[in-house]
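**Student:** Kindly produce the complete structure, drawing on both the sequences and the hints.
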Amino acid sequence: MLFLLAAIAADAPPPANAPLPANGYVPPKVSAPAPRFPPVAAGAAFAQCRECPEMVVIPPGEFVMGSSQQERRALGVLAMFDKMEEPRHLVRIGYRYAVGRYAVTFDQWDACVADGGCAGYVPADAGWGRGRRPVINVNFADAQGYVAWLSKRTGQKYRLLSEAEWEYAGRAGTDTYYPFGNTIDPAKANYGNNLDRTTQVGSYLPNRFGLHDMTANVAQWVQDCHHDDYVGAPADGSAWVSGPCTLRNVRGGGWSLSGWSVRVAQRIGDPPGARNDHLGFRVARDLPQD
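Residue numbering for the sequence shown follows my numbering, beginning at 1090 and increasing consecutively.
Some hints could be false.
Said to hold, decoys possible - Here are the simulated distance ranges between beta carbons:
1. D1171 <-> N1283: 26 to 34 Å
2. R1181 <-> S1347: 28 to 36 Å
3. R1221 <-> A1123: 18 to 26 Å
4. F1126 <-> G1362: 32 to 40 Å
5. A1213 <-> V1119: 53 to 61 Å
6. K1172 <-> G1220: 34 to 42 Å
7. D1171 <-> D1204: 42 to 50 Å
8. F1126 <-> G1209: 28 to 36 Å
9. P1124 <-> L1294: 26 to 34 Å
Treat the hints as calculated values from the structure; they're not laboratory data. In this text, all values refer to a predicted model and were calculated from it rather than measured experimentally. For every residue, glycine included, the Cβ atom is placed at its ideal position computed from N, Cα and C.
**Tutor:** The structure is reproduced here in structure tokens:
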């Protein structure tokens, strides 16, 4: 027993006030390596500045894009969307990317304007307040102006999501009608004019990737031009920007729309100049792939 105690004592670190060794040698301090920035582990979060959006790392993966007739009939989806959400097709996203945890807020937009960006445009808030509510009354060019400012502010490539990236991030590994299952109710999302306005971002539980409000609150511009169906759509996650591009796609649905209109597969094209009180956007950031 005495031998064991002596061995333990010999291995114990010296007390803070221990005298220096007789020869005066002090071992050099070893610094821990700095954590990698930006992080690349799936689910890791980061923000590059106080006024920058919080970003979440989305891992590579694959999913089936679009909806089934069974889904649309179960929820009473208008027949005009049958063609628009077909054919269902496999998309493989072979790269990691980062997505805003929330839609861009008024605070973040107003920071852009205060810094001389966003063309100085101050969108109306419909009398609901600014702060952490999602910015509204922004069109496609406005959203592009914001990501251009954010890219310049950070020195990194920020952009809108492609439509496929959006749906992959919105599904977060699920194949249900909504990120949280096949049914929706007012406890899970802000839709159906239940609250008559937007809510602050993050008011509802996130999906499995940690993203909030991928269902409802505000619809979100994506990069793609609108096409009437998925025939010829990219299968690698890239934006589909061929064609006349008279409409740009919008995803997620807004606070005023019916439950079937805020499904994760729901897609529609809006005029790129449209500004209204249920339309905002979310940002993506390219990440190192090593």
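**Student:** Give a verdict on every hint.
**Tutor:** Here is what the structure says about each hint:
1. D1171 <-> N1283: 26 to 34 Å: holds, 27 Å
2. R1181 <-> S1347: 28 to 36 Å: Between R1181 and S1347, where Cβ atoms are some 32 Å apart, the hint holds.
3. R1221 <-> A1123: 18 to 26 Å: violated, 31 Å
4. F1126 <-> G1362: 32 to 40 Å: For F1126 and G1362 the Cβ distance comes to about 37 Å; the hint holds.
5. A1213 <-> V1119: 53 to 61 Å: Check passed, 56 Å falls within 53 to 61 Å.
6. K1172 <-> G1220: 34 to 42 Å: Since K1172 and G1220 have Cβ atoms about 40 Å apart, the given range 34 to 42 Å holds.
7. D1171 <-> D1204: 42 to 50 Å: Once the Cβ atoms are compared, 45 Å apart, the range 42 to 50 Å for D1204 and D1171 holds.
8. F1126 <-> G1209: 28 to 36 Å: holds, 31 Å
9. P1124 <-> L1294: 26 to 34 Å: This hint holds: roughly 28 Å between Cβ atoms.
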